[in-house]
Amino acid sequence: MKEKYRSTLTMAAAPRNPLIWVGVLIGVVFFVLDALIDTTVFNKGTISAQLLHPTWHELWMRLIVLVFSTGFGIYAFIVVRREQATSVRAHKAEKRLEVLFNSAAEFIFIIDTEGTILRANQKVFTGSGYSADEVIGRHIKELFTPESQNTYDSSFPHLLEKGYNRSEIDFARKDGSIINMECSATAVPDEHGAFTSFLIIQRDESERLQVARELEESERRFRAIFNSTYQFIGLLGPDGTLLEANQTALDFIGLSNADVIGKPFWEVPWWTHSPHLQQRVRDGIMSAAHGKLIRFEAEHIGKDGERIDIDFSMKPVLNEQGEVMLIIPEGRDITERKKAEENARRMQQESAHMMRVNIMGEMASGMAHEVNQPLAALVSYCGTALKMARDSPALPEGLVDILERASAQAHRAGDVIRHLREFASKGSNSRSRVVLDSLIQGVIEFISWELRNTDIQVAFQPASLAREVSVDRLQIEQVLINLIRNSIEAINQAGISGGRVDIATRLTADGSIEVSVVDNGPGIDPAVADAMFEPYQTSKESGMGMGLSISRSIIEAHDGKLWTEQRPQGAVFCIKLPGCD
Amino acid sequence: MTITRHVYLVDDDMAVCHALSVFLESCGSRVRAFPSAEAFLSGASAVKDGVILLDQRMTGMSGLELQKELNQRHIDLPIIFITGHGDVQMSVKAVKAGAIDFLEKPFSNEALLASIREAFLQSDHDKRHRESVAEMRRRYASLTEREREVMQHVVAGLSNRHLAEQLGVSDRTVEVHRSRGMKKMGADSLPDLVRKYALCKDEDLYDSREST
Chain P
0 MKEKYRSTLT
10 MAAAPRNPLI
20 WVGVLIGVVF
30 FVLDALIDTT
40 VFNKGTISAQ
50 LLHPTWHELW
60 MRLIVLVFST
70 GFGIYAFIVV
80 RREQATSVRA
90 HKAEKRLEVL
100 FNSAAEFIFI
110 IDTEGTILRA
120 NQKVFTGSGY
130 SADEVIGRHI
140 KELFTPESQN
150 TYDSSFPHLL
160 EKGYNRSEID
170 FARKDGSIIN
180 MECSATAVPD
190 EHGAFTSFLI
200 IQRDESERLQ
210 VARELEESER
220 RFRAIFNSTY
230 QFIGLLGPDG
240 TLLEANQTAL
250 DFIGLSNADV
260 IGKPFWEVPW
270 WTHSPHLQQR
280 VRDGIMSAAH
290 GKLIRFEAEH
300 IGKDGERIDI
310 DFSMKPVLNE
320 QGEVMLIIPE
330 GRDITERKKA
340 EENARRMQQE
350 SAHMMRVNIM
360 GEMASGMAHE
370 VNQPLAALVS
380 YCGTALKMAR
390 DSPALPEGLV
400 DILERASAQA
410 HRAGDVIRHL
420 REFASKGSNS
430 RSRVVLDSLI
440 QGVIEFISWE
450 LRNTDIQVAF
460 QPASLAREVS
470 VDRLQIEQVL
480 INLIRNSIEA
490 INQAGISGGR
500 VDIATRLTAD
510 GSIEVSVVDN
520 GPGIDPAVAD
530 AMFEPYQTSK
540 ESGMGMGLSI
550 SRSIIEAHDG
560 KLWTEQRPQG
570 AVFCIKLPGC
580 D
Chain B
0 MTITRHVYLV
10 DDDMAVCHAL
20 SVFLESCGSR
30 VRAFPSAEAF
40 LSGASAVKDG
50 VILLDQRMTG
60 MSGLELQKEL
70 NQRHIDLPII
80 FITGHGDVQM
90 SVKAVKAGAI
100 DFLEKPFSNE
110 ALLASIREAF
120 LQSDHDKRHR
130 ESVAEMRRRY
140 ASLTEREREV
150 MQHVVAGLSN
160 RHLAEQLGVS
170 DRTVEVHRSR
180 GMKKMGADSL
190 PDLVRKYALC
200 KDEDLYDSRE
210 ST
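Just so you know, the protein sequences line up as chains P and B, in that order.
Under numbering that gives the first Met the number 0, the first sequence is numbered contiguously, ending at residue 580.
Under numbering that gives the first Met the number 0, the second sequence is numbered contiguously, ending at residue 211.
Just so you know, these hints were derived from the structure itself, not from any lab.
Treat the hints with caution; some may be incorrect.
[Unchecked claim] The list that follows gives simulated cross-link-like pairs (lysine-lysine, PhoX-like), each with its CA atoms no further than 25 Å apart:
#, chain 1, residue 1, chain 2, residue 2
1, P, Lys575, B, Lys126
2, P, Lys575, B, Lys47
3, P, Lys140, P, Lys94
4, P, Lys122, P, Lys173
5, P, Lys560, B, Lys95
6, P, Lys122, P, Lys140
7, B, Lys183, P, Lys575
[Claimed, not checked] From chain P, some residues computed to sit far from chain B (all C-beta separations above 10 Å):
#, residue
8, Pro188
9, Ala211
10, Thr240
11, Gln277
12, Asp310
13, Gly321
14, Met346
15, Ala376
16, Leu377
17, Val378
18, Tyr380
19, Lys386
20, Arg417
21, Ala493
The beta carbon of each residue, even a glycine, is placed where N, CA and C say it ideally should be.
Go ahead and model the full structure; you've got the sequences and the hints to work with.
Listed below in structure tokens is the structure:
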């Protein structure tokens with residue numbers, strides 16, 4: 000800008016163009032020639048007088064010629080200069096086009112109406128491996144694969160007619176490799192509108208196709224994951240319209256994509272079994288559409304009527320502006336977990352019930368013994384008294400009757416006690432053959448459930464070779480639970496971290512199975528070791544002192560043995576049960 | 000009805016001990032009561048012929064344990080269990096180990112008497128049996144090696160001639176061994192010999208029953 004401004008200024012101050020000087024020179028020459036003609040032809044004085052002292056008339060004429068000449072020079076200068084400027088601009092545009100032409104990433108050809116290549120850009124040479132001589136003057140279709148030559152042949156008439164054509168061709172490089180090209184041809188008309196040449200632009204599609212293929216492959220992979228995961232996954236619009244559902248979710252209700260896509264999520268059969276759940280989902284979508292994560296557990300009915308428990312969640316997906324674009328509903332099948340929880344709970348209940356029954360039995364048994372002792376004495380005393388009374392010569396009237404009645408009442412009390420005991424021990428005698436190792440495994444799973452939030456480890460080393468025992472399953476479970484819980488309580492009471500309870504089984508030479516329960520708790524005080532199997536003996540703050548007593552009763556009722564062994568550290572309880580033949 | 004023999008009463012309940020002592024003494028029996036199994040064991044060397052009334056559940060050693068201990072010490076007095084809370088398994092165990100009866104408290108005096116009488120009958124029978132077995136064993140022990148061999152084959156049913164062939168001796172020699180053996184065994188006929196021979200073998204059975 001500044002440059003241009005300066006150059007205009009100089010030009011106005013001192014016109015340097017020769018045409019101006021030519022004009023001036025012509026004027027001066029005319030001035031001199033006129034003076035010469037005046038002196039030589041018309042003899043009007045000397046030349047110097049003519050030059051230096053012309054007459055007013057001569058001076059005017061000469062000056063006018065000089066001015067006209069100079070004006071002509073200036074005019075000529077302007078015309079020439081304008082022409083020059085136009086030519087420079089045209090040259091520059093040409094140059095720019097050339098650069099553009101050569102720097103294009105596409106192959107660009109100019110061909111004539113026969114298909115002969117007139118020009119080709121730099122990219123053609125670098126991209127194809129041919130030199131300019133090998134390209135220019137050649138028929139363009141010679142650069143294509145045979146199939147594409149056919150394509151060319153069939154589409155060239157169309158180009159000639161319409162002046163425009165698009166096609167896909169395979170370009171054969173000099174080294175024989177092939178490039179997939181998207182090819183567009185445009186006619187270049189002359190001033191009369193006739194097509195004299197064509198501009199062919201070919202874009203390398205290989206890369207774009209490759210990217211598209213990769214994208215497609217990636218899409219396929221993700222879709223495979225999406226569809227084959229065991230989880231139920233889908234996509235929702237923020238208004239709850241179902242956009243996608245994976246195969247697992249579709250299979251569950253036995254419907255296809257076409258049946259469900261575009262429906263409101265809560266109206267798809269996943270939810271229609273329960274209006275309550277439908278409402279919950281609608282409310283959940285409202286919250287999720289505001290960016291909240293929704294999660295709840297739900298019960299579903301599959302197409303075959305099977306009942307499953309689902310841990311269901313809806314996650315909002317935000318765009319860069321923080322608006323909710325999508326909601327991802329996801330359901331995890333937690334039926335198994337639920338079942339395990341339920342089993343553990345049932346086992347706990349059974350165990351508690353067994354415990355109560357056993358405690359009742361043990362108490363009734365203890366009471367029976369305690370009450371039967373005095374009854375036995377009473378009955379015997381009555382019997383002896385009767386005998387003595389019968390031998391007596393002077394028998395008070397009614398004494399024999401009274402003693403007989405007293406004895407009968409004592410027997411009656413004994414019967415009451417016996418019934419109580421029978422009632423308390425009822426139902427606790429259902430023996431079946433079980434593999435002891437499996438039974439223990441079940442107990443450990445149950446206990447581990449209780450210990451899931453502690454650092455106490457319960458380990459089991461089964462080595463009884465799947466030997467069977469004939470036992471009351473619930474009772475033996477009760478004993479094991481009792482022993483393991485004792486260990487755990489002892490570990491907890493002593494505040495030992497890294498507590499361990501190791502259970503192991505082994506076969507003994509006589510075909511029995513020995514179970515050992517070993518812990519790393521504080522161990523058994525030798526002073527109480529003998530008494531701890533007696534009823535009402537406890538070292539626990541809230542124990543009844545029935546556990547070990549019941550356990551021993553149960554094991555002995557199974558012709559087994561329950562005992563402890565002394566160790567420098569920790570407690571060891573052993574059970575021996577006879578194996579089945 | 001009277002009992003003149005010893006009754007050893009092992010029960011940790013004083014009232015039961017007293018009541019049963021009073022009754023049994025009124026029947027003429029000599030009763031000795033022990034408050035625990037351990038007390039009985041410490042006085043066990045002094046026990047003579049009689050019957051043991053044994054409570055199953057006692058503090059310290061239980062009735063079953065005492066029974067086992069007595070078996071091991073070869074004190075084979077008949078045992079009647081008296082228990083405040085019997086169950087089938089326990090009574091089976093006790094009877095298997097040689098108990099005569101298993102009475103559940105409270106029981107009548109008559110039942111106890113019947114049981115004691117049964118115990119004495121059985122122990123007398125056992126005693127006679129044991130005595131005859133011991134006698135036979137003594138006799139059997141007095142046989143020479145050759146006579147035992149001959150007896151064994153005779154009992155198995157071999158005739159003299161077969162026996163002579165098998166032993167490689169003359170009929171006459173076999174005849175001599177046989178008559179001497181029969182005489183030593185106190186058998187007056189072949190069936191008698193077989194029975195007595197079986198008694199000697201019975202002893203082994205008896206031993207094995209005791210030790211279990």
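| message | For each hint given before, does the structure comply? Return the numbers of the non-compliant ones in rising order. | response | When the structure is compared with the hints, numbers 1, 2, 3, 7, 15, 16, 17, 18, 19, 20 turn out to be violated.
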